[in-house]
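If you read the sequences in order, they're chains A and B.
According to the working numbering, the first sequence is numbered sequentially starting from 127.
According to the working numbering, the second sequence is numbered sequentially starting from 175.
Treat the hints loosely; a few may be bogus.
[Unchecked claim] Cut-off 27 angstroms, straight-line C-alpha distance, at most; resulting in silico cross-link-like pairs (BS3-like, lysine-lysine): (1) K131/A to K215/B; (2) K131/A to K245/B; (3) K193/B to K197/A; (4) K183/B to K215/B; (5) K131/A to K226/B; (6) K197/A to K245/B; (7) K218/B to K163/A; (8) K197/A to K163/A; (9) K226/B to K245/B; (10) K215/B to K163/A; (11) K241/B to K131/A; (12) K218/B to K194/A; (13) K214/B to K131/A.
I should point out that these hints are in silico values taken from the structure, not numbers from a laboratory.
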Amino acid sequence: DQQVKQNSPSLSVQEGRISILNCDYTNSMFDYFLWYKKYPAEGPTFLISISSIKDKNEDGRFTVFLNKSAKHLSLHIVPSQPGDSAVYFCAASGSNDYKLSFGAGTTVTVRA
Amino acid sequence: DTAVSQTPKYLVTQMGNDKSIKCEQNLGHDTMYWYKQDSKKFLKIMFSYNNKELIINETVPNRFSPKSPDKAHLNLHINSLELGDSAVYFCASNPSLGTGELFFGEGSRLTVL
Chain A
127 DQQVKQNSPS LSVQEGRISI LNCDYTNSMF DYFLWYKKYP AEGPTFLISI SSIKDKNEDG
187 RFTVFLNKSA KHLSLHIVPS QPGDSAVYFC AASGSNDYKL SFGAGTTVTV RA
Chain B
175 DTAVSQTPKY LVTQMGNDKS IKCEQNLGHD TMYWYKQDSK KFLKIMFSYN NKELIINETV
235 PNRFSPKSPD KAHLNLHINS LELGDSAVYF CASNPSLGTG ELFFGEGSRL TVL
């Protein structure tokens, strides 16, 4: 039973525009959320995180928004660059849980 | 200098064989993990070790046996390989148990024929 869901398997966006990636979760005990980025033939690398005490966290071009009542988070990339083309994984964990639950990923393609 | 390294990167073998994947991290982390990425692309945790002690063992067949000789190494041995074991296996580490950010290796693609 997947507790973290990324319902859009792919996203294509023009260079310079905004990329919005969505993630939904079902476990109300989750209180820490992360986004990972993965290039082909490489392992996922940490991008940005947010704890449940916040509703927004920003790091450069990347912003994560958390809506706890809707059990939804999103990642905004502004402006999108060709190097952002990758698979993005949403992940979540709870305070008493030592493991991350991952979504299936969204493949982002930034068109020049 | 690779932080989390796995060997081999690719492994093709026949059903019924036994194989191992090795993982080493030079980050000084206490906790190491094995994740499996199946054909549906989900990353699912298999095992976690903290300071050589098994902490998480997700309903994984007992054909899979992790071994942590020291906190910098976590190896995965698989007996009697089956077709369904074909996947990409990722090793990961983080500073301590419960710290969310994981550092992943490049993955080991196992193909069972």
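Going through the numbered hints above, which ones does this structure break? Give me the numbers in ascending order.
The structure conflicts with hints 2, 3, 5, 6, 11, although it agrees with all the remaining ones.
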